[in-house]
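Guided by the hints, dock chain A onto chain P, whose structure is given.
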Amino acid sequence: MIAYVVRRILYAIPILVGVNLITFLLFFIVNTPDDMARMQLGAKRVTPEAVEKWKAERGYDLPLVWNSQEKDLYRRTTQTIFFQKSAKLFVFDFGYSEDKRDIAAEIQARMWPSLALAVPVFLTGLAVCITFALLMAFFRASYLDVWGVVACVAMMSISTLFYIIGGQYIASKVWHLVPISGYAGGVDAVKFLVLPVFIGVLGGIGASSRWYRTLFLEEMGKDYVRTARAKGLAETVVLFRHVLKNAMIPVLTGVVVVIPTLFLGSLLMESFFGIPGLGSYTIDAIQAQDFAVVRSMVFIGSVLYIVGLILTDISYTLVDPRVRLE
Amino acid sequence: MRLLLFLLAFVAGCGEIWNDPYPAADRGKNILYSVFADRPKHLDPAQSYASDEAIFTRQVYEPPLQYHYLKRPYELIPLTAAEIPVPRLVERNGATYSVYDIRIKPGIKFQPHPGFVAANLSLDRKSIARLGSPYELPLATRDLDADDYIYEIKRLAHPHLHSPIFGLMAEYIVGLKEYASVLQKAAQPGQWLDLREYPLEGVTRVDAQTYRITLKGRYPQFVYWLAMPFFAPIPWEADRFFEQPGMAEKNFTLDWWPVGTGPYMLAENDPNARMVLARNPSFRGEPYPSEGEAGDAERGLLADAGKTMPFIDRAVYTREKEGIPLWNKFMQGYYDSSGIGSESFDQAVRVSMEGDAALTPDMEARGIRLDTTIAPTIFYLGANWLDPVIGGNSERSRKLRQALAIAVDWEEQLSIFYNGRGVPSHSPVAPGIFGYRDGAEGMNPVTHEWMDGKAHRRPIEAAKKLLAEAGYPDGRDAKTGQPLILYLDTTSRGPSDKAMIDWWRKQFAKLSIQFEPRQTDWNRFQEKLRKGSTQLFVVGWSADYPDPENFMFLLHGPQSRAKNQGENASNYTSPEFDALFDRMRNTPNSPERQQVIDRMTEIFRRDAPWIGGFHPKNFGLFHSWLGNAKANEISDNKLKYLRVDPAKREAMRREWNKPVVWPAILILFLLLVSIVPAVRTYRRREQMAARPAS
Numbered sequence: 016m017i018a019y020v021v022r023r024i025l026y027a028i029p030i031l032v033g034v035n036l037i038t039f040l041l042f043f044i045v046n047t048p049d050d051m052a053r054m055q056l057g058a059k060r061v062t063p064e065a066v067e068k069w070k071a072e073r074g075y076d077l078p079l080v081w082n083s084q085e086k087d088l089y090r091r092t093t094q095t096i097f098f099q100k101s102a103k104l105f106v107f108d109f110g111y112s113e114d115k116r117d118i119a120a121e122i123q124a125r126m127w128p129s130l131a132l133a134v135p136v137f138l139t140g141l142a143v144c145i146t147f148a149l150l151m152a153f154f155r156a157s158y159l160d161v162w163g164v165v166a167c168v169a170m171m172s173i174s175t176l177f178y179i180i181g182g183q184y185i186a187s188k189v190w191h192l193v194p195i196s197g198y199a200g201g202v203d204a205v206k207f208l209v210l211p212v213f214i215g216v217l218g219g220i221g222a223s224s225r226w227y228r229t230l231f232l233e234e235m236g237k238d239y240v241r242t243a244r245a246k247g248l249a250e251t252v253v254l255f256r257h258v259l260k261n262a263m264i265p266v267l268t269g270v271v272v273v274i275p276t277l278f279l280g281s282l283l284m285e286s287f288f289g290i291p292g293l294g295s296y297t298i299d300a301i302q303a304q305d306f307a308v309v310r311s312m313v314f315i316g317s318v319l320y321i322v323g324l325i326l327t328d329i330s331y332t333l334v335d336p337r338v339r340l341e
Numbered sequence: 034m035r036l037l038l039f040l041l042a043f044v045a046g047c048g049e050i051w052n053d054p055y056p057a058a059d060r061g062k063n064i065l066y067s068v069f070a071d072r073p074k075h076l077d078p079a080q081s082y083a084s085d086e087a088i089f090t091r092q093v094y095e096p097p098l099q100y101h102y103l104k105r106p107y108e109l110i111p112l113t114a115a116e117i118p119v120p121r122l123v124e125r126n127g128a129t130y131s132v133y134d135i136r137i138k139p140g141i142k143f144q145p146h147p148g149f150v151a152a153n154l155s156l157d158r159k160s161i162a163r164l165g166s167p168y169e170l171p172l173a174t175r176d177l178d179a180d181d182y183i184y185e186i187k188r189l190a191h192p193h194l195h196s197p198i199f200g201l202m203a204e205y206i207v208g209l210k211e212y213a214s215v216l217q218k219a220a221q222p223g224q225w226l227d228l229r230e231y232p233l234e235g236v237t238r239v240d241a242q243t244y245r246i247t248l249k250g251r252y253p254q255f256v257y258w259l260a261m262p263f264f265a266p267i268p269w270e271a272d273r274f275f276e277q278p279g280m281a282e283k284n285f286t287l288d289w290w291p292v293g294t295g296p297y298m299l300a301e302n303d304p305n306a307r308m309v310l311a312r313n314p315s316f317r318g319e320p321y322p323s324e325g326e327a328g329d330a331e332r333g334l335l336a337d338a339g340k341t342m343p344f345i346d347r348a349v350y351t352r353e354k355e356g357i358p359l360w361n362k363f364m365q366g367y368y369d370s371s372g373i374g375s376e377s378f379d380q381a382v383r384v385s386m387e388g389d390a391a392l393t394p395d396m397e398a399r400g401i402r403l404d405t406t407i408a409p410t411i412f413y414l415g416a417n418w419l420d421p422v423i424g425g426n427s428e429r430s431r432k433l434r435q436a437l438a439i440a441v442d443w444e445e446q447l448s449i450f451y452n453g454r455g456v457p458s459h460s461p462v463a464p465g466i467f468g469y470r471d472g473a474e475g476m477n478p479v480t481h482e483w484m485d486g487k488a489h490r491r492p493i494e495a496a497k498k499l500l501a502e503a504g505y506p507d508g509r510d511a512k513t514g515q516p517l518i519l520y521l522d523t524t525s526r527g528p529s530d531k532a533m534i535d536w537w538r539k540q541f542a543k544l545s546i547q548f549e550p551r552q553t554d555w556n557r558f559q560e561k562l563r564k565g566s567t568q569l570f571v572v573g574w575s576a577d578y579p580d581p582e583n584f585m586f587l588l589h590g591p592q593s594r595a596k597n598q599g600e601n602a603s604n605y606t607s608p609e610f611d612a613l614f615d616r617m618r619n620t621p622n623s624p625e626r627q628q629v630i631d632r633m634t635e636i637f638r639r640d641a642p643w644i645g646g647f648h649p650k651n652f653g654l655f656h657s658w659l660g661n662a663k664a665n666e667i668s669d670n671k672l673k674y675l676r677v678d679p680a681k682r683e684a685m686r687r688e689w690n691k692p693v694v695w696p697a698i699l700i701l702f703l704l705l706v707s708i709v710p711a712v713r714t715y716r717r718r719e720q721m722a723a724r725p726a727s
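Top line first, the protein sequences correspond to chains P and A. One rule links them: number in my numbering = place in the first sequence (from 1) + 15. One rule links them: number in my numbering = place in the second sequence (from 1) + 33.
Any given hint might turn out to be false.
Think about it this way: if two alpha-carbon atoms lie no more than 30 Å apart in a straight line, the pair counts; the simulated DSS-like pairs of lysine-lysine are [what the hints assert, rightly or not]:
| id | chain 1 | residue 1 | chain 2 | residue 2 |
| --- | --- | --- | --- | --- |
| 1 | A | Lys354 | P | Lys115 |
| 2 | P | Lys103 | A | Lys218 |
| 3 | P | Lys206 | A | Lys354 |
| 4 | P | Lys59 | A | Lys104 |
Since the hints were made in silico from the structure, they are not lab data.
Extracted from the complex, chain P is given alone in its bound form:
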């Protein structure tokens, strides 16, 4: 298995280079270094000299990907914005944002609020959705199953924004139960997280429960379930000990891969609830045309996604003894 993991890590290197290159090209198709300079320098009284000085100071006065001014191939490729800005990412040196804040320090500070929101949403959501799906599967073809599916379809058809605004309106504005937005560290965070976690879980019930229900129903039609019932096992034992265990592979495919990316945060939830996590950090950077932050966050996102895929593969071996990673 170690050889497999090492091989997967090596495969990741060209993927990360490709992701970096695509991010770089997409960013600079929309924004030129001049645009970035002007965005950072403000809208008033910006002189061409100030723009040039800003670019030179941050290395944006180099060509984008190919420096034809240089003599040898090495310098032609390395004396470029792409190499200068992207190479250091591979040793996790993120450098400074365009407003001269240390990106690593920012990420370190902002990942905790993101995790504080994402982990409870993930764990509670998973528990609720699996339980709800098992209930629907158990009561299949009954009024509970029919109305459960109807509710799921209705819930997955509603935009997350509706849940957020509706939740804020009812829970905070009308019932005054929790703060409408904001964040505090430590235990004080709880009162700010109750509503976004509830909304995050509620918003995910529709799609996930329907999918899990389908998986469970497929498993419940198999012979081993009939055998288990024939042996006289209680339905809860059949469901939780047999069906759930055997349906774990497709469940894990969707679940484990997102675990590492949890700390990247939620763009929408963090913005509306004023949670200073990495999701709102990324949005701010895109709006401010801060390439240093954008490329760092995309890089971290790619790394975490690859880690998530590897973890998914490993998790298969844990839930299914037939799977071997070679």
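Chain A in isolation, oriented as in the chain P frame:
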């Protein structure tokens, strides 16, 4: 059921408010609660220029001058300076120089700061890495000195800083341009550049309390710059402190931890979530103004006359990126003041048939006050002077622009899209600024006519007549018969902007002119303006200072955006206007200056380089417990004047935020009840025999 009864009893016994976003320990304290939307980019006075940053910098930094808080029109008064400096004109080698001697008041001290402790100027990386805040180190203060002002002016030319006013000041301050080159050569990577070792010719020390600034030529508007943080004092020790290796990695920089002499100091700096200003214990105190404009006394704005400021101990600014949470928290009493977003306008304000705004009964019942003021800002539809169709000084293009100026109904735009929050502009100068004329004499006679004591837009027939005289009868070129097509460059391109685009199309359709929006992103739009490749465009300008020069220069030929990268986005040029501008700039406020401005306005109306525009009206809402609040659109150092009544705020918050628990309990109960049939079904199934008995 027992659990339910227990919960109800528990809830009934709770007198607490649950939705309070602030720590319980802060309740009843003398704290102001406010918001900021965008994280500040710079808090260094040499670099900071945005209004989002001014919320913080203007409470910390003290330039020599400030604006009177209550008087209108805005009036400059001394802040740390002993008096308003009056320039001496000096002739030297055939050139004229303006010499400003600025004497500062004695006894002013900096806020406590670690930079003033000698041992903190040689910290090792390890001890810096352990710090959570620079204020964890031993603190000290010291007296303000003339050298601190000189140090900051030198910083405008620092090679590692990007001061937005360096280009402008280098034109005036003697030797500043050359000084930048000297510093460029002297700067070594990773080493602190001690500006004290490099003298600047045009800024010198006279004595410990006085410094001298020498400008090339005359620049009467320079005093306004002396009211901005660009000219606030910076102690060299703070610069030295933050330049130590390891500080930047902790985000401890002068750009993020301001050091000033003002009434407040930045105590908590988390630009992602909240910023906290705390009372500066070294602040000398300043008396609240004893005079204001008419009506201020009746509004209670002079109740604190002569009392020592500041009144508030702490100001907590929370970041709110979305309008809905901001508005709801204001209504719940968790913010002391608020603007009004378009989505909340109808809830807060009712507009009478006469156009007067008043609060809705619900807002009045809460004791909320409304304050409206016209911002020293203008948004205008610019015509590119370099464009062969719409631009230029020909009779044809001028009449075309005048026709459009009549057809584009700004009153309607304000009513439809801005809830009437603005006034159509009749001249480049905004209301409240010297040179602005109100009423009939301030009306643009090209676009409006005076009837029944009001300015009315001229009928569309007048525009059609002008269009025909321009050679485009019924919107067609009289020579070729081709339809006239005009292009508006705009960044409005989302679905929500469709209504505005349709409105523009309707304005042009009144004259049978074909309208084509050229929708683009902000970067490309700015690039087009710089290259002069637009035809029509909408841009805005907010005044730096309350002087007509700061508006008229937007039409000054040498300021052409396409030719000289200046602020004249329409690239308008008129020798007569330019000559009058130079005269107006160097003339003090007087009837003579008004006459020059009137003539410039006449030329502007005739040539119509801007096809109308508007000055936005800002609406501010203040809770009843917030005292001394008055809108001030020029100066942001308002915090020291404000006062809160924490006990009243606490009582109102409790009244407005009583938790309503029964619906949640009811929903929980219904959910539990709905599970009962499921449980019964489950039990029945479990107890069911394998085969039914026959």
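Against the structure, the hints:
About 22 Å separates the Cα atoms of Lys354 of chain A and Lys115 of chain P, which keeps this hinted pair within 30 Å; it holds. Of the pairs offered as hints, the one joining Lys103 of chain P and Lys218 of chain A holds, with about 29 Å between alpha carbons and a cut-off of 30 Å not exceeded. For the proposed pair Lys206 of chain P and Lys354 of chain A, the alpha carbon gap of about 20 Å is at most 30 Å, so the pair holds. With a C-alpha separation of about 27 Å, the suggested pairing of Lys59 of chain P with Lys104 of chain A holds against the 30 Å cut-off.
Checked against the numbered hints above, the structure breaks none of them.
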